[in-house]
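Q: One letter stands for each residue in the lines below.
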Amino acid sequence: MSKKIFVSGDEAVAEAVRLAKPHVISAYPITPQTVAVERISDFVEDGTLKAEYLHVESEHSAMSAAMGAAAVGARTFTATSSQGLLYMSEVLPYVSGARFPIVMMNANRTLATPWALLSDHRDSLSQLDSGWIQVYCEDAQETLDMILQAYRISEDPRVMAPMMVNLDGFVLTHTYEMVELPAQAEVDAFLPAYTTINRMDLDDPKTVCYAAMNDYMEFHMKQELDMRKVPSVIEEVDRLYGDKFGRYYDGMVEQYLCDDAEVVLVTLGSVTGTARVVVDAMRKEGHKVGLVKLRYMRPFPREEILDIASRVRAIGVLDKDISVGYEGIVFTNVNSTVADLETSPGRINFIGGLGGRNISKENTRGMFNELLELARGEKKEKIQFVNARCEYHG
Amino acid sequence: MADKLVTNARDLTNSEYFYGHRACAGCGGSLALRLAMKVLGPRTFVAIPANCMSAVSFLHPQISFSTNSMISPFAATGAVLSGIEAGARALGMKDYHVVGFAGDGGTADIGIQALSGAIDRGDRIIYVCYDNEAYMNTGIQKSGLTPYGSSTTTSPAGRNLPGATRMKKNMFEIVAAHDIAYAATASIGYPEDYLRKISKAAQCASTSYIHVLAPCSTGWGFPIEKTVEMGKEAVDCGLWYLAEFENGEFRLNRKPREFSSLEDYLKKQARFRHLTDKDMDVIKGNRDRKWKKIQDQWTV
Ligand SMILES: Cc1ncc(C[n+]2csc(CCOP(=O)(O)OP(=O)(O)O)c2C)c(N)n1
Ligand code: SF4
Ligand SMILES: [Mg+2]
Chain E
118 MSKKIFVSGD
128 EAVAEAVRLA
138 KPHVISAYPI
148 TPQTVAVERI
158 SDFVEDGTLK
168 AEYLHVESEH
178 SAMSAAMGAA
188 AVGARTFTAT
198 SSQGLLYMSE
208 VLPYVSGARF
218 PIVMMNANRT
228 LATPWALLSD
238 HRDSLSQLDS
248 GWIQVYCEDA
258 QETLDMILQA
268 YRISEDPRVM
278 APMMVNLDGF
288 VLTHTYEMVE
298 LPAQAEVDAF
308 LPAYTTINRM
318 DLDDPKTVCY
328 AAMNDYMEFH
338 MKQELDMRKV
348 PSVIEEVDRL
358 YGDKFGRYYD
368 GMVEQYLCDD
378 AEVVLVTLGS
388 VTGTARVVVD
398 AMRKEGHKVG
408 LVKLRYMRPF
418 PREEILDIAS
428 RVRAIGVLDK
438 DISVGYEGIV
448 FTNVNSTVAD
458 LETSPGRINF
468 IGGLGGRNIS
478 KENTRGMFNE
488 LLELARGEKK
498 EKIQFVNARC
508 EYHG
Chain W
427 MADKLVTNAR
437 DLTNSEYFYG
447 HRACAGCGGS
457 LALRLAMKVL
467 GPRTFVAIPA
477 NCMSAVSFLH
487 PQISFSTNSM
497 ISPFAATGAV
507 LSGIEAGARA
517 LGMKDYHVVG
527 FAGDGGTADI
537 GIQALSGAID
547 RGDRIIYVCY
557 DNEAYMNTGI
567 QKSGLTPYGS
577 STTTSPAGRN
587 LPGATRMKKN
597 MFEIVAAHDI
607 AYAATASIGY
617 PEDYLRKISK
627 AAQCASTSYI
637 HVLAPCSTGW
647 GFPIEKTVEM
657 GKEAVDCGLW
667 YLAEFENGEF
677 RLNRKPREFS
687 SLEDYLKKQA
697 RFRHLTDKDM
707 DVIKGNRDRK
717 WKKIQDQWTV
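Chains as they are written, first to last, in the numbering used here: chain E, 118 to 511; chain W, 427 to 726.
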């Protein structure tokens, strides 16, 4: 039987990890990920999670140790945030190239300098090209569910790719919610023991990470071709999970009131909750607005974005990040997909939430208003900062 | 599996676990790996970071290890070894070794943090540093273990500098300061001593560290048939030493009655050929200070 528990996002991660039963956990503390690894340590101490917990001396070593463990066929978990994610970034392509299904929690937090603790998406989006699957969660329940789904997706022999489960620092990691905790037996049925031939084996010795000069290109073509099939596995696992536990997340993208929408806003992570409330309010006032919750950034939901973009008159992308010298990273991704259409809708890139700057309902309403005016033919600036304290001229 | 100590060639298997690699003729590092693998045997997991040995042995599809093996990130040998060991332990594997072979740069510079972490955890892994005294794979650049007076591509000897201006970092004692269960220095010039130390490490229930001097004909500039001789002379002239650290005690394994000629050893190598008498005095002074400390503080 599942039960309801009142936990923070970090604690929800820890509960999910206990249910997934990894063999090896290696992690290095960083705010706001710490509570997750502290709870996991409690579970290892009290024996409710039978795993090796490695106290490593850095994030680079956290990921490297997870890689060593994955290389003998162990199920592994690690967790980080912000500077920690960048500190381990050298090892991310090692892991994805070696096709090890490591699952990692990333508490989204901004990057120095200036130093700041609060959440934006600059950390994880800087690692889009590392070969990792990336999912972004809206609340603690979704985070718990996605940790469990992550193992099922990553370890699928058709996939064999590592997965980063992102949740916004503090907004999710440190906020308490009622969360439904699935029963262990149900999870065991959903998530079978991990077996693979991609491992070092005493009875059948192998080399698992090696150099390839002449066939390097083919290795990565294979990786890309496999990654293209991942969206269908994600949909499949989403259905399976929903059938078993009653919660469906619509796979790659959740469309909220998009069927007849004239304009839509694309969001990532917890800010989606605010946007949902605003969409409800504006719908009541008769505005045809919709919300696109981008769940996965890699693989990128190309089909879904094309379908949506072909139906609407304007599309806004809310980026909690910026690629300095260009535009928001999510916007770049959406834009290049939309460019495949013969006639594309109007587009605005809203940059907000940097360093945890609040994005209020009023701010969100403002974004929808800009999009509605653009749809009516008014001229709009392509890149707009949201809730900034200074003037700017694009 | 080494259940009795291997102390000479008679104890050694004829099986090869590291062969067909592309190392230069006269490579001391590849000899260190080959001998260690003969002691450790087929049930061994190997991790090697970026260095000459991984470069010459991991080129798909011609892999030079017949055992389980992988490349580790340059800085992370200690962590990858820990991960392998933790995974194998968690999966209930029995009767195996986990060994890493990192160069001097991969150990004393970029990999020192991960090595320190691994020793601190006490994971049952064997860490072998094969020391060729420079970053050889990238073209003979100075590392933290390049000795005073060595001309490298980033510490070129010239009118103003004698080559490298610092002494070798004291890795053996840095490792020992962790209160490691077993650490030893060795040289491929004294293979029996080296074999015995590898097999002691293999029997160790916790982390062990072997620092083996591995002359490099290409980087040091000596004839390819002189590798073992160079490894022997380095010890005989007192610039390297054979020692162990066990139960918190340092022990010297070989005490030369008198040192062989330091000048002879240095002048045989292109990297030292430019040294002046003054430089020789600096090197001699450093050597003698080191040996005084050994005499005073270690079991000799
Ligand atoms: C993070 C990183 N920095 C630098 C390098 C380049 N690099 C590859 S091998 C090597 C030299 C290794 O020197 P050492 O550890 O002494 O081993 P050797 O090549 O001498 O056997 C260097 C600097 C790398 N591969 N990765
Ligand atoms: S450069 Fe030196 S260490 Fe590297 S393979 Fe050649 S001889 Fe061996
Ligand atoms: Mg070297």
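Hints are supplied without guarantee of correctness; some may be wrong.
[Claimed, not checked] Below, simulated BS3-like cross-link-like pairs (lysine-lysine); rule was C-alpha separation at most 27 angstroms, straight line: (1) W:Lys718 x W:Lys704; (2) E:Lys405 x E:Lys499; (3) E:Lys361 x E:Lys346; (4) W:Lys704 x W:Lys716; (5) W:Lys520 x E:Lys138; (6) W:Lys652 x W:Lys719; (7) W:Lys704 x E:Lys323; (8) E:Lys167 x W:Lys694; (9) E:Lys323 x E:Lys138.
Hint data in this document are derived by calculation from the structure and do not stem from the laboratory.
Q: Can you give the numbers of the hints that this structure goes against, from lowest to highest?
A: Hints 6, 7, 8 contradicted; others consistent.
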